[in-house]
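Participant: Construct the complete structure from the given sequences, taking the supplied hints into account.
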Amino acid sequence: MKRIAVVGASLAGVRAAQELRAQGYDGGIVLIGDEPHLPYDRPPLSKAFLAGTASRESLELLDAGDLASLALDFRLGVRATALEPADRRVLLSDGTSVHADGVVIATGGRARTLPGFEGAHTLRTLDDALALRAALVPGVRVVVVGAGFIGAEVASTCRSLGLDVVVLEALAAPLERVLGPSLAAVCARLHLDHGTDLRCGVQVAGLSPAGVELASGELVPADVVVTGVGMTPATEWLAGSGLKVGNGVHTDEGLVTSLPQVVAVGDVARYGGRRHEHWTNASEQAPVAVANLLAGHSGQAYLPSGYVWSDQYSGTLQLAGHPRPDDTLSFVDGDPSSASFVATFSRDGATVGVFALNNAKLFTRLRRQALRRPATV
Amino acid sequence: MIRACTVDELPPGESVRLPGPPAIAVFHTEEGELYAIGDTCTHQDASLADGWLEGCFVECPLHAALFDLRTGMPTCLPAKDPVRTYAVVVDEGVVYVQGVANEDAA
Numbered sequence: 001m002k003r004i005a006v007v008g009a010s011l012a013g014v015r016a017a018q019e020l021r022a023q024g025y026d027g028g029i030v031l032i033g034d035e036p037h038l039p040y041d042r043p044p045l046s047k048a049f050l051a052g053t054a055s056r057e058s059l060e061l062l063d064a065g066d067l068a069s070l071a072l073d074f075r076l077g078v079r080a081t082a083l084e085p086a087d088r089r090v091l092l093s094d095g096t097s098v099h100a101d102g103v104v105i106a107t108g109g110r111a112r113t114l115p116g117f118e119g120a121h122t123l124r125t126l127d128d129a130l131a132l133r134a135a136l137v138p139g140v141r142v143v144v145v146g147a148g149f150i151g152a153e154v155a156s157t158c159r160s161l162g163l164d165v166v167v168l169e170a171l172a173a174p175l176e177r178v179l180g181p182s183l184a185a186v187c188a189r190l191h192l193d194h195g196t197d198l199r200c201g202v203q204v205a206g207l208s209p210a211g212v213e214l215a216s217g218e219l220v221p222a223d224v225v226v227t228g229v230g231m232t233p234a235t236e237w238l239a240g241s242g243l244k245v246g247n248g249v250h251t252d253e254g255l256v257t258s259l260p261q262v263v264a265v266g267d268v269a270r271y272g273g274r275r276h277e278h279w280t281n282a283s284e285q286a287p288v289a290v291a292n293l294l295a296g297h298s299g300q301a302y303l304p305s306g307y308v309w310s311d312q313y314s315g316t317l318q319l320a321g322h323p324r325p326d327d328t329l330s331f332v333d334g335d336p337s338s339a340s341f342v343a344t345f346s347r348d349g350a351t352v353g354v355f356a357l358n359n360a361k362l363f364t365r366l367r368r369q370a371l372r373r374p375a376t377v
Numbered sequence: 001m002i003r004a005c006t007v008d009e010l011p012p013g014e015s016v017r018l019p020g021p022p023a024i025a026v027f028h029t030e031e032g033e034l035y036a037i038g039d040t041c042t043h044q045d046a047s048l049a050d051g052w053l054e055g056c057f058v059e060c061p062l063h064a065a066l067f068d069l070r071t072g073m074p075t076c077l078p079a080k081d082p083v084r085t086y087a088v089v090v091d092e093g094v095v096y097v098q099g100v101a102n103e104d105a106a
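One line per chain: the protein sequences are A and B, in this order. Each residue of the first sequence is one higher than the one before, starting from 1 at the first, in this note's numbering. Each residue of the second sequence is one higher than the one before, starting from 1 at the first, in this note's numbering.
Any given hint might turn out to be false.
To be verified - 27 Å max Cα-Cα, derived DSSO-like pairs, lysine-lysine:
{"hint": "1", "chain 1": "A", "residue 1": "Lys47", "chain 2": "B", "residue 2": "Lys80"}
{"hint": "2", "chain 1": "A", "residue 1": "Lys244", "chain 2": "A", "residue 2": "Lys2"}
{"hint": "3", "chain 1": "A", "residue 1": "Lys361", "chain 2": "A", "residue 2": "Lys47"}
{"hint": "4", "chain 1": "B", "residue 1": "Lys80", "chain 2": "A", "residue 2": "Lys244"}
To be verified - A few chain B residues facing chain A, derived, Cβ under 7 Å:
{"hint": "5", "residue": "Asp50"}
{"hint": "6", "residue": "Trp52"}
{"hint": "7", "residue": "Gly55"}
{"hint": "8", "residue": "Leu62"}
{"hint": "9", "residue": "Lys80"}
Stated by the list, open to error - Label-pair distances were calculated between CB atoms; the ranges are:
{"hint": "10", "chain 1": "A", "residue 1": "Ala172", "chain 2": "B", "residue 2": "Val7", "range": "50 to 60 Å"}
{"hint": "11", "chain 1": "A", "residue 1": "Asp348", "chain 2": "B", "residue 2": "Arg17", "range": "31 to 41 Å"}
{"hint": "12", "chain 1": "B", "residue 1": "Arg17", "chain 2": "A", "residue 2": "Leu192", "range": "27 to 37 Å"}
{"hint": "13", "chain 1": "A", "residue 1": "Ser69", "chain 2": "B", "residue 2": "Ala87", "range": "23 to 33 Å"}
{"hint": "14", "chain 1": "B", "residue 1": "Gly99", "chain 2": "A", "residue 2": "Thr232", "range": "48 to 58 Å"}
{"hint": "15", "chain 1": "B", "residue 1": "Val90", "chain 2": "A", "residue 2": "Lys2", "range": "53 to 63 Å"}
{"hint": "16", "chain 1": "A", "residue 1": "His99", "chain 2": "B", "residue 2": "Val89", "range": "38 to 48 Å"}
{"hint": "17", "chain 1": "B", "residue 1": "Glu92", "chain 2": "A", "residue 2": "Asp252", "range": "52 to 62 Å"}
{"hint": "18", "chain 1": "B", "residue 1": "Ala87", "chain 2": "A", "residue 2": "Ala170", "range": "51 to 61 Å"}
{"hint": "19", "chain 1": "A", "residue 1": "Thr232", "chain 2": "B", "residue 2": "Ala87", "range": "29 to 39 Å"}
{"hint": "20", "chain 1": "B", "residue 1": "Arg17", "chain 2": "A", "residue 2": "Ala22", "range": "23 to 33 Å"}
{"hint": "21", "chain 1": "B", "residue 1": "Gly99", "chain 2": "A", "residue 2": "Lys244", "range": "58 to 68 Å"}
{"hint": "22", "chain 1": "B", "residue 1": "Val7", "chain 2": "A", "residue 2": "Arg177", "range": "45 to 55 Å"}
By construction, these hints were calculated from the structure, which means they are not laboratory data. Even glycine gets a Cβ: it sits at the ideal position worked out from N, Cα and C.
Facilitator: Listed below in structure tokens is the structure:
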């Protein structure tokens, strides 16, 4: 291959570019990003960067040395609008196109919005974070819709800024569908212990000039409203490409699409029917996808670690594996009321997940030992 | 020179954290080598002594950045900057860390 287009300049795209070089590819790499910024790291956007304690510079994924050694041809501030496999071209929103022998799809997605919440803040990009940060001036009342990881982290950051925060959650407890009821109760406690007004089992109706209207008719007063209700994979540009899309770009277990010269990584990649939306996944998929792209066939399968983390208030939450809420939960250290604990999820006698609050050491040991994956290389 | 622990207190595969400042992590690899590095991950505030030791690399317990214990260099994101390395000496069964960073890892 003489030129590879990496479509998407966030973590998954950057990791793919790094892996291309690490695996010996010395042809051209065109890195296309719809944001005007050089690649940056997103996790701090809801935490230290939003709080104002992490600098813009600290977000950079690539330093000057990386940029020089990777020798990337950046196309920033332009969107990919179409993939034309027959002509081996990626069309761009500025009217130009990139001819490429191989394509890495790393387009991620957009923050979902709720009907009736047009104009509310969402948080996915640097510009989103800057806009939200500018709105978080002393004295504003914040309402966060959705108590998932992003919503909880935004609420936590707002509390650290001394702001009054209400979190509205549709489920009976935060993250209940991921963690099950006991650990969801722990997440709820973190909110309540830090002065966040968490209201669960609440249906929202829409924005009003005075705040958020609930389906019950009640008004929750707000000056700043943030919705954190998930994301939608960015696949519209692939219409007409012949690739199968629908809740992501469909690939095989090796992240290869129906075209051997096109692979997908990160939030947008739906491999073998599964799709993950987290940092570790975007990072870990790159070596496999790139190896299969360069080999021209899907020789390696991706084995996800399922590792996610979240910093909320006084808690560092860590989860690994792919537990279900109905798995058996056992506390290895501490108990749900402790300031730190480690629990495992088991199913049919096997450990399928590990969760920890403020115990990174034991969590890491269990993640690497109890959940050890077969080698991928 | 700082006394870390006795050799017996640090079996292969284990680590010990010296609170400092600066906090230092001392590792005894499965291969029998002793290494000392700055304990705080350069990406975010995490103790590398709590990390996962594999060969002569340690994986940060928070975000899985990997550091080479020999050089202090990170081998993958999210870390971009090296941790300091320190020389380790053993004298009569006691592990000591020398307080000056190695020149090649500064």
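Participant: If a hint holds in the structure, say so; if it does not, say that too.
Facilitator: Hints and how they fare:
no.: 1; hint: A:Lys47 x B:Lys80; result: holds, 19 Å
no.: 2; hint: A:Lys244 x A:Lys2; result: holds, 26 Å
no.: 3; hint: A:Lys361 x A:Lys47; result: holds, 22 Å
no.: 4; hint: B:Lys80 x A:Lys244; result: violated, 37 Å
no.: 5; hint: Asp50; result: holds, 4 Å
no.: 6; hint: Trp52; result: holds, 5 Å
no.: 7; hint: Gly55; result: violated, 13 Å
no.: 8; hint: Leu62; result: holds, 6 Å
no.: 9; hint: Lys80; result: holds, 6 Å
no.: 10; hint: A:Ala172 x B:Val7: 50 to 60 Å; result: holds, 54 Å
no.: 11; hint: A:Asp348 x B:Arg17: 31 to 41 Å; result: holds, 38 Å
no.: 12; hint: B:Arg17 x A:Leu192: 27 to 37 Å; result: holds, 33 Å
no.: 13; hint: A:Ser69 x B:Ala87: 23 to 33 Å; result: holds, 30 Å
no.: 14; hint: B:Gly99 x A:Thr232: 48 to 58 Å; result: holds, 53 Å
no.: 15; hint: B:Val90 x A:Lys2: 53 to 63 Å; result: holds, 54 Å
no.: 16; hint: A:His99 x B:Val89: 38 to 48 Å; result: violated, 59 Å
no.: 17; hint: B:Glu92 x A:Asp252: 52 to 62 Å; result: holds, 59 Å
no.: 18; hint: B:Ala87 x A:Ala170: 51 to 61 Å; result: holds, 57 Å
no.: 19; hint: A:Thr232 x B:Ala87: 29 to 39 Å; result: violated, 53 Å
no.: 20; hint: B:Arg17 x A:Ala22: 23 to 33 Å; result: holds, 32 Å
no.: 21; hint: B:Gly99 x A:Lys244: 58 to 68 Å; result: holds, 60 Å
no.: 22; hint: B:Val7 x A:Arg177: 45 to 55 Å; result: holds, 49 Å
Consistency note: the structure conflicts with the earlier hints numbered 4, 7, 16, 19.
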